[in-house]
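Enquirer: Knowing the structure of chain A, use the given hints to seat chains B and C on it.
Quick mapping for you: the protein sequence lines, in order, are chains A, B and C. The first sequence runs 58 to 719 under this note's numbering. The second sequence runs 58 to 719 under this note's numbering. The third sequence runs 58 to 719 under this note's numbering.
Fair warning: there could be bad hints in the mix.
Since the list gives no way to pick one copy over another, a pair counts as held whenever it fits inside one copy or between any two copies.
Okay, derived cross-link-like pairs now, DSSO-like style, lysine-lysine, Cα gap no bigger than 30 Å in a straight line [what the hints assert, rightly or not]:
id, residue 1, residue 2
1, K341, K306
2, K422, K584
3, K419, K584
4, K429, K419
5, K306, K422
These are computed hints drawn from the structure, not numbers from a lab.
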Amino acid sequence: MILGCAWYPEHWDESRWADDIRLMREANISLVRVGEFAWSRLEPQDGQMALDWLERAVTLATAQGMMVVLGTPTAAPPAWLTQAHPEVLAIREDGRPEVHGARGHFNPASATYRTYCARIAGALAERFGKHPQVIGWQIDNEYNHVSYDAETLAQWQAWLMAKYGTLDALNSHWTTSYWSQEYTDWSQLPFPLRAGHNPGLTLDWKRFVTDLLRSYQKTQIDAIRQFAEPRQWITHNFMGWFDLFDHYKLCEDLEIASWDNYVGTGHLNYLSNGAAHDLTRGFKRRNFLVLETQPGSVNWAGVNNALDRGEVRCMAWHAVGHGAEVVSYWQWRSALNGQEQYHGCLVAPDGNPRPLYEEVSKLGKEFTSVAKFLRGTTPASEVAILHSYDDRWAINGQRFHKDFDPVEHLLSFYRPLRAMSFGVDILHPSAPLSAYKLVIAPHLHLVDDEISEHLLKYVEEGGHLMLGPRSGFKNAFDNALLPVRQPGPLAWSLGAHVEEYYALDTPVPVTGAWEDGEATIWAEWLKVDADNVEVKLRYGTGNGWLDEQPAMVTRKVGNGRLTYLAAWLDVPLTRRVVSWMTGASRLAPPFGPVPEGVEVCRRVGGGRELYILINHTDRPLQVELPRALQNALTRTVHPQHIWLPARDVAVMGARVEITTPV
Amino acid sequence: MILGCAWYPEHWDESRWADDIRLMREANISLVRVGEFAWSRLEPQDGQMALDWLERAVTLATAQGMMVVLGTPTAAPPAWLTQAHPEVLAIREDGRPEVHGARGHFNPASATYRTYCARIAGALAERFGKHPQVIGWQIDNEYNHVSYDAETLAQWQAWLMAKYGTLDALNSHWTTSYWSQEYTDWSQLPFPLRAGHNPGLTLDWKRFVTDLLRSYQKTQIDAIRQFAEPRQWITHNFMGWFDLFDHYKLCEDLEIASWDNYVGTGHLNYLSNGAAHDLTRGFKRRNFLVLETQPGSVNWAGVNNALDRGEVRCMAWHAVGHGAEVVSYWQWRSALNGQEQYHGCLVAPDGNPRPLYEEVSKLGKEFTSVAKFLRGTTPASEVAILHSYDDRWAINGQRFHKDFDPVEHLLSFYRPLRAMSFGVDILHPSAPLSAYKLVIAPHLHLVDDEISEHLLKYVEEGGHLMLGPRSGFKNAFDNALLPVRQPGPLAWSLGAHVEEYYALDTPVPVTGAWEDGEATIWAEWLKVDADNVEVKLRYGTGNGWLDEQPAMVTRKVGNGRLTYLAAWLDVPLTRRVVSWMTGASRLAPPFGPVPEGVEVCRRVGGGRELYILINHTDRPLQVELPRALQNALTRTVHPQHIWLPARDVAVMGARVEITTPV
Amino acid sequence: MILGCAWYPEHWDESRWADDIRLMREANISLVRVGEFAWSRLEPQDGQMALDWLERAVTLATAQGMMVVLGTPTAAPPAWLTQAHPEVLAIREDGRPEVHGARGHFNPASATYRTYCARIAGALAERFGKHPQVIGWQIDNEYNHVSYDAETLAQWQAWLMAKYGTLDALNSHWTTSYWSQEYTDWSQLPFPLRAGHNPGLTLDWKRFVTDLLRSYQKTQIDAIRQFAEPRQWITHNFMGWFDLFDHYKLCEDLEIASWDNYVGTGHLNYLSNGAAHDLTRGFKRRNFLVLETQPGSVNWAGVNNALDRGEVRCMAWHAVGHGAEVVSYWQWRSALNGQEQYHGCLVAPDGNPRPLYEEVSKLGKEFTSVAKFLRGTTPASEVAILHSYDDRWAINGQRFHKDFDPVEHLLSFYRPLRAMSFGVDILHPSAPLSAYKLVIAPHLHLVDDEISEHLLKYVEEGGHLMLGPRSGFKNAFDNALLPVRQPGPLAWSLGAHVEEYYALDTPVPVTGAWEDGEATIWAEWLKVDADNVEVKLRYGTGNGWLDEQPAMVTRKVGNGRLTYLAAWLDVPLTRRVVSWMTGASRLAPPFGPVPEGVEVCRRVGGGRELYILINHTDRPLQVELPRALQNALTRTVHPQHIWLPARDVAVMGARVEITTPV
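Here chain A stands alone, though its shape is the one from the complex (with noise of 0.2 Å):
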């Protein structure tokens, strides 16, 4: 567990730097992060590079023990270069190019821009790729966009081509001979700039992009393993949900995965927040980073308050729970000048710090005692939850009721997990399964044959697998409509189908094996087509379709089962349901009930198993525990119970792990 800070001493005059470095070792930070941003400095003009300041400020750095991450400046090309070679300004959708005096105005897909981005990458590279204290690259930063131009649209062509062979190929899987959009020369293919294009067409230009993003990253990334030494990762900032482009096939290029973590308006909500972390988890399946955190407030929210006194270091463990590795703030001290004046830091304008810096300073502190305990656990996990990128491309091209939103979907199965203390990964539904005792595919959208015979396989082995509502819909190479009901290929085992999906515009009621509740949203009827099929859920008199029919079967599939869920349904009913798939699935919490408000991460590994319990609300609570803990921090055994503080964390284990650190 490490603190870090995002650190640009090419803001400052140099005399400043070594205060900046004695401040945040005094902070407990042992982590800078550099050179993002920096081009314009670190290359003055096309070709002139100019890496000593930077590596007088790394020296400084880890003379005082610190660590390193260097970051490419690839998100923010200097005005020499966009003069000279307008061509690498990005085209917006608007058809207007980018202009300088922001950042992230460059072209990904521009040979010319990639070939300074390798030459800076490089550089950078052979001059730090051997530093002993350097521990990893990042890749630009929050990939975000890309261009509209010609040479993008030569590529996306070039992309269909490979893909589909044929246009005779192209226009089938489209059915373009819908409104007259057949195809009759490659040159033809647009971007989807237009509202309503073809679904296959959308879907595509996602795959596309993921795959652009992809080859501008590959190209930084030979250029830096040129000279860097292997045990430099290289890794890329995400951003939580986002989802311009499929995360986890840019992951497969880099060593671990990040994250920048930020609120916004408003304060942490845990459960959401938790899943985010999760899910970049889930990109590797392994300890993430978190490469950017708010320290206090942002400057882009609508309002920018600041986190409670206390809720910065909540949310630090909060991290650490669901397998971060760094945390690092952004940023040290804000520039006097430039767009991110109002944002959070930890030394103010005047160069002294700010009231935050105390708690930073104490969180750092914790880090420290407690790194030798967590080191080498990971959150662990019986339950998963499939993600993946096209489905929620595929559904947000086509929501058909305008509320059913994805990551909402998701969470809505998630959040009732967490507060039963369930640790819960977020995988892409390839992920090996074996390990899990429960499923959940909140809305399996997409489906191909290797998708459902891996999901098949799991349920016959003695997995519990649940598909949610509009499961089995579409194809998964063209986006088309599959020529059966739903859930597809998956329907002959579940011995059931639906009958037809509505979008609701009034909520219609549910009952069955547990208290009443609603549909709303979303509601398909689902028919039984085989003997030993059980209707958990049916719904009740609505709009005159549904009434009386079966809203939620399950059935024994080998050693296994397979369930299917056919509605959206409201908060406390979808709380039953999930409680009773995990006792269908013989799953046991690893807490009993906790108060509202209280988090609890178990991280496991080495044989040992740690909880980090949080108070995210601003009173005292207490907490039953499965047994006997120590706590961490403060070396007290806990019997029975420990009282947590408002907005405080508790680091417990057994006796014997704590008082004999690794």
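Expert: Same frame as chain A, but now just chains B and C:
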């Protein structure tokens, strides 16, 4: 009465076609719409016609006894055409050209485009113009745009030159001395793309757009008429209240009017929706076609809920009640890919009927069973509401009160009339009026001598004309203010005038002959100028200006009556005013009071008088009958009243008419 | 006090003109504004001047004793000019050129355009510059835009070069090392069109726009001054709080300030509207003109309701109460066509008076009858509120809390002062302050040495300066953060500083010297650094950071007092704080408590002291008088109190002043 559906054989392998036709016939569907949007299949390359597949499809359908409506495919030009002739692509309001991949991307002013349209329409007509079961043609699809390109601009300038002759005349009519707008060269005349252009220019633009689309349509009509037999009608599927162009003008070149009737989110509002039917019936003042309607749900709304069980059937009978001769579902079956995958249809992706299929089958059987009784009948009415696109354009261009929606204002009179079971015709002010006892002009905003003389003649000869607020305000020729007080040329006959008009930020009380109420949105201060003018309503204390002033006056004029209602009244008071007007016009409703939610539609013709009664609610309701009537659907005779089940329909007539089919 | 109206003789046949002038005179209107927007009539072709018609109109008016204000017509270039010189058309932010047909479509930076403007302005001045009844000139109309074209860009880059001298200096001031923004060529400097450009760049842009419009204005002033006699003043009609440019700077070249005062939807809010009057009076620190105001209603709002009967008169007296010398209605009569057909005016389309005409006539008579008593008087005040465009631009560019509207924040202090009958001057921070007992700087955001020394001198010499939150935060030269804690250079004298600032998502309680209240939107944590600092308010329990910290401190400094209020307080608590401040500043209101809805305006001069009392409500109210006063409108003497009818006015003074006119 014909039940139909849109069928796109080009989306499917030919081997499937026979199953589709069989399933249609089993659902008692007897008409298919084909050809619309199929240009890329009908003319795969420039000039290379490929109509054989369509002929095979038509043959397959007609061999099973079906009728066919052919659509021209011009709403979606193929890619080879837009690639070879980029000038046929529309330029959008933002100055950017449209792209391929959706529909409606053509420029209807383009001479090149029209040439291509004429050729494909002519080729279709040559092939199908004498086919005995091809009963009609639909030109293009839902005209909804024009282009902002140089070719359109030149036509616009030429149109203005033709209207005004000289720039002096144009400058004078538009008062272009205002803001130095004076034009000294025809080429200076712009598109009205800037917010707040001259009212003369903006109104003329709408009229030009009307003429542009009419001539675009005429090119295709002429091409078809070269070959088609006269018995084949030509129509276009309009979109209800949509107001891009003057529908009366476009209908002058069509034999029959049609529209596409979609509910979107929620459920059928039979009072509002009925007005759109009556509007369409008024285009040709005869029965019309519903060429597209919603089989369950649409896919383009925020919440695409399905209509409740039974509601689709009620909606079809409601259309028939208002004069529809055809009710045709869009569409039979969704293509597996393409933009409208999620739209409601009758057959599922697996090729088997969806649940709604059964309800439609029942409807088709009913249509067949009572067709003879309805043949030759049409809705008949003694009340007309006047409607003109000019008035709507002028008011919408300068609403003065943001909530003065002319359609909503018209409906404020329409709804209480329909709730009292009156049939209502919605007509252009120039239509023949002698058949009506009461004519309501909700807002006769633009007037010229012809219209005012026409209306005064109607009054003199015994009619009752009610003018609503904003009447007689502007000059119909140029959208200029009339240099007289409202209602302009009608004020002398009224014996009163409008002293001042007020947009209301708060309601103003209104008292008088009936219970008290309120004026909202709009109120005019009437001044009585003659002796025999009766003041029916006065304002109470409000903004100081209106206090105690007349709000509604009426006067006997010749053999008739002229009434001016100077305010937009609340719903209950409007109901009383309308009730008084019908009484003062010696009108009696065909039915006594019916429960809310029950619609009474009267059709007469061939000596028969039939009532379609629809219970639009989800509970059974009893309706008192004016005399003993027989239900043609059940053959039951009801001496005094009938119990209508929830969402159910009765088609009632004199026993002899129903038992003795024509 | 002069009553006027805008008259556009060019919209009407010359035969009508005499009637218009006669009706104006009968309404006691004694001033007409003419010429504005009439370019196409004054110069029908390039260089061909046609001023005779205007001279005939002016002669007609002045023959009836009227005064004339001439507007230059440059806000609406004629079509021949924009056609011949397309570069004079403005380029909009979206990159598209403006089109002809409305107004404001010119490029104020264009050298070509300025040449044409100077010629037409000069020609008008040559003709009318010595006319004895032409009393003044208005340049253009409501400056409201600039152009984003190459000519403007080059001027912008040259402006920056002039300010910074070298790119190194610019880069340093703007910290362009941030995001590699460093400029290496002046031609790289962009328009600030992208959301989130550098704060240095965005603030300098506003200052450049100010200079651009000032030089555009100066071109016309110079052209007029070649011919016009010095007694003819030159003004421009500004738009209240509009902030495209620094009004103080543009007023340096004008003899008198003017503004256009429109209510839009709803009714006069005399507290807010009065502040806009006082703002305008502060531009030149003398009485001003209302060149346009609303005769009943406008036409551009969502709901264009009319002002209530009597409200137009109250609004005119309210303007006089705040220092207006002219109240001029826009407009006399609406043109029959053109964009503003529906705007309120005094004469109807039929050429006869509208109902409001009578109210305005009465007002005109009153103005005439009391003109002598008011001559030479002006609102006088011992309280000033500081206002600067720099501060508003800087805060609005980075509000940090979306609701931190600087104008609303200023008004939160202005309203309670006016409700206590205090006159208030609104001034630039650099204005002379020695006349004021209390100076409130609601948010003195940007500071430099000059301003801070000026303010400290005011305090040292006995003034009471109150600084509000966000004061002393940034450097006025370049919008950079000050490298010290707030309030920067004023902190030492205050004996306290801001430890941290917080945007509030929830209110925080505030307690102290008065009743408890709340901080909303913004709160700063004050730290006391000296002994003799009095803490007047403290925060209660909130976000943990602010708990128990000081929220308001005050300190005697020299002969005066310095107070810092660190939060935006709720309305009742703000009222108490303001009340305390006035007391602590030894200020006494001219009147005791007056009923809510009654406005007291005090004007002094020439040894006289007059009160304009306005009852803005719709019910009669009694006002206690400080001593016996006479109402100049009725000549009645009121010993102790006066009953003001609903929406009525009294002009009160000492008996001797009113009965012995000057």
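Enquirer: Can you give me the call for K419 and K584, within, between, both or neither, at a CA distance of at most 30 Å?
Expert: Result: close only across copies, 23 Å inter versus 59 Å intra.
Enquirer: If the cut is 30 Å between Cα atoms, do K341 and K306 qualify within a copy, between copies, both or neither?
Expert: Intra 10 Å, inter 60 Å, cutoff 30 Å: intra-copy only.
Enquirer: Please sort K422 with K584 into within, between, both or neither, judging by C-alpha distance up to 30 Å.
Expert: between (59 Å within a copy, 27 Å between copies)
Enquirer: Checking K429 and K419: alpha-carbon separation at most 30 Å within a copy, between copies, both or neither?
Expert: Within one copy only: 17 Å inside a chain, 75 Å across chains, cut-off 30 Å.
Enquirer: At most 30 Å between C-alpha atoms: does K306 with K422 qualify within a copy, between copies, both, or neither?
Expert: Answer is neither; intra-copy 37 Å and inter-copy 55 Å both fail.
When each numbered hint is compared with the structure, a violation occurs for hint 5 only.
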